[in-house]
Amino acid sequence: MSEGPEKVRLGIDRVACTGHGICAQTLPAAITLDEWGYPIIIADQVESGAAATAIKLCPARALYLR
Amino acid sequence: MTSEMIWYLSRATGVVSIVLLTLVVCLGVVTAGRRRPDGESATVVMGVHRWLSLGMLVFLGAHIFTAIAEGYVDISWWAVVLPFVSGYEPLLIGFGAIGVDLLVAVVVTSMLRHRMPERYWRGIHWASYGMWVVALVHGFTLGTSDQPVLRLITVACGVTGGLFASWRVAKTHADKERRTEISLQEWS
Chain A
0 MSEGPEKVRL
10 GIDRVACTGH
20 GICAQTLPAA
30 ITLDEWGYPI
40 IIADQVESGA
50 AATAIKLCPA
60 RALYLR
Chain B
0 MTSEMIWYLS
10 RATGVVSIVL
20 LTLVVCLGVV
30 TAGRRRPDGE
40 SATVVMGVHR
50 WLSLGMLVFL
60 GAHIFTAIAE
70 GYVDISWWAV
80 VLPFVSGYEP
90 LLIGFGAIGV
100 DLLVAVVVTS
110 MLRHRMPERY
120 WRGIHWASYG
130 MWVVALVHGF
140 TLGTSDQPVL
150 RLITVACGVT
160 GGLFASWRVA
170 KTHADKERRT
180 EISLQEWS
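Which chain is which? The protein sequence lines are A and B, in order.
If you're matching positions, the first sequence starts at 0 in numbering that gives the first Met the number 0 and goes up one per residue.
If you're matching positions, the second sequence starts at 0 in numbering that gives the first Met the number 0 and goes up one per residue.
Any given hint could turn out to be false.
A few chain A residues that face chain B, going by a derived Cβ cut-off under 10 Å, partial list only [unchecked claim]: (1) G20; (2) I21; (3) Q24; (4) T25; (5) L32; (6) W35; (7) I54; (8) K55; (9) L56; (10) C57.
Simulated from the structure, these hints should not be mistaken for lab results.
We put the beta carbon where it would ideally sit given N, CA and C, even for glycine.
With these hints in hand, go ahead and build the complete structure from the sequences.
This is the structure:
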């Protein structure tokens with residue numbers, strides 16, 4: 000393993016997503032919201048601990064590891 | 000600790016449980032209403048909903064344990080999960096037991112949420128409303144009958160939860176509302 004925390008890639012289930020915006024709040028460096036309030040992934044690599052929190056907090060269960 | 004103290008502790012933890020449960024239900028209702036993202040609020044609401052629900056279990060556990068351990072009234076350990084078998088107030092303790100059963104189902108499915116189909120989790124999570132109502136009935140009819148202030152707290156919990164639930168019922172067109180808001184917005 001290289002130095003630093005482990006990185007993961009996230010995906011969004013567009014059908015399941017109901018636009019609560021919690022992922023963008025939890026991972027501000029990796030996800031932003033469009034004007035409708037739905038997520039856009041802006042960074043490919045996310046720190047795994049923060050990603051796990053965001054996945055757990057998503058009320059629609061629409062965030063997943065790729 | 001005298002037996003009388005334990006009895007008071009049981010009533011106090013029961014009242015705290017119903018207040019926290021109402022709060023958790025309201026936060027869940029707010030999340031289910033799918034508001035448009037507004038700063039940090041959705042994250043705070045979701046986080047508090049998850050963690051406060053587990054925090055509430057501590058008070059509920061203390062409420063159940065003290066009510067039985069105190070021993071002044073006849074409530075068996077089976078009466079915690081089996082409705083209507085309590086020697087003392089079988090019907091009203093039974094409402095509490097139904098609440099406990101529904102609570103166990105809701106908590107266990109929520110912990111296993113990422114390991115089961117979403118529709119099962121959702122279906123069982125709907126039981127939270129029933130659990131909250133039986134808990135209110137249990138609290139209103141039983142523990143607080145000679146204490147107007149405590150009874151008022153239970154009523155206030157019912158009114159608050161009722162208002163949140165009505166908001167949720169009225170908010171059937173979350174996507175339509177969002178479209179209207181977006182079209183009214185200035186182009187950036």
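Taking the hints in turn, this is what the structure says about them:
no.	hint	in the structure
1	G20	3 Å, holds
2	I21	5 Å, holds
3	Q24	4 Å, holds
4	T25	6 Å, holds
5	L32	6 Å, holds
6	W35	6 Å, holds
7	I54	8 Å, holds
8	K55	8 Å, holds
9	L56	5 Å, holds
10	C57	8 Å, holds
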